[in-house]
Amino acid sequence: MLRQKTPEGAEERLRVITVFLVNRRRSTKAPYKDVAYAFQTRIELECADGFYPRSDLSTYQSDDFELRLGDLHYRDVREYAVGRNTSAGWQERRDATNDPLPVTRVWTDFLPQQEVERVVPARSDGVEFGMEALARAAVSGAEAVSAALDSLPELYAEWRRGQEGMMTGLAPRRLKTGQALLENVDTAGSRIRDGIDLLKRDTVAREAFGLMNTAMAMANRRREAVIQQKLPGDVDPPTWRPFQLAFVLLNLVGVTDRNSGEREIVDLLFFRPAAARAYLGLAAYAIVLRRLRGSGVLGAGISVIMRYTLRLLTPLVSSARSNSCGPMMTMAGRRLANGRWKLDSG
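So the working numbering is basically just the index in the sequence shown, starting at one, shifted up by 637.
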């Protein structure tokens, strides 16, 4: 018998069953040794009353925030069996009203499968995500930038309120983790708003933002033209995904203001390869800003350092050349010309 406590503090008494398969076949000599082996065998158990899910409190009770974050995210995932040197599987069913039915079958599984839901970017009215449209807004001035972007922090705050409503009924430590996440959301929302305010008051930052969007749009049109076998001017106008544009905006103050406390922050994105566009967009902004602020050698030098897994480094450098350096070199003859110090990557 096993006594376990739930995250809510209740105590459960469970009967734990461990099943082993013992191979009692006699060993044989070559070339028939394989017939005595039991390879990837499957053990299956059935219980009409149903198996009870195990509560893993190791992450719930952990002092590591990342582990507690995983516990919060996967709190609705049930574990009905655990394999030894193998994985385990079970069949979950629901009735006509979508209520869960008892799990009556569990088994060992050497090649488990899991369905991963597709993440689709949301589109929100009132926010401009088009790269070329944002470039035009930057040229038009602060009012155009305000009309294009001011709604983004408000929509982010609205999403945050929805997340807060989902915290009702959480176990104490999960509630504490959720509150910490909401504090991070508030910080990110404030930084996004500060980035938009920077674009509205700083003409140089606004120009760099516009040129960056132009460069990224040129690169995306070229890439999509090859994929779709069309002319660059015939493909759909390139757009940012919401999280990509938000990532660029929340980092603008830290990249632009040398005295900003945000320069001590390291922001990470875990949406590879979609995150690459956000990284490269911010890199393009930093390069353009440096050129606009300094003439001659003051605008030259290393602006961005990329450190990546060796296996992924070559395609990333190639992507950087096509997404930012290539288009910006095209524009260098116009606005970003800087003597003999050309834009390059290596």
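Read the hints as simulated data drawn from the structure, not as lab findings. Accuracy of the hints is not assured; some may be wrong.
Ranges between beta-carbon positions, derived for each pair [unchecked claim]:
| no. | residue 1 | residue 2 | range |
| --- | --- | --- | --- |
| 1 | 901 | 651 | 21 to 31 Å |
| 2 | 712 | 651 | 14 to 24 Å |
| 3 | 898 | 799 | 55 to 65 Å |
| 4 | 860 | 805 | 36 to 46 Å |
| 5 | 668 | 862 | 22 to 32 Å |
Computed from a predicted model, the values in this text were never measured in an experiment. Glycine residues also receive a C-beta, built at the ideal position from the N, C-alpha and C atoms.
Against the structure, the hints:
1. 901 <-> 651: 21 to 31 Å: 48 Å, violated
2. 712 <-> 651: 14 to 24 Å: 19 Å, holds
3. 898 <-> 799: 55 to 65 Å: With a Cβ separation near 30 Å, residue 898 and residue 799 fall outside 55 to 65 Å, so the hint is violated.
4. 860 <-> 805: 36 to 46 Å: Distance hint for residue 860, residue 805 holds at roughly 45 Å.
5. 668 <-> 862: 22 to 32 Å: Given a distance of about 60 Å, which is not inside 22 to 32 Å, the answer is violated.
Of the numbered hints listed earlier, those contradicted by the structure are 1, 3 and 5.
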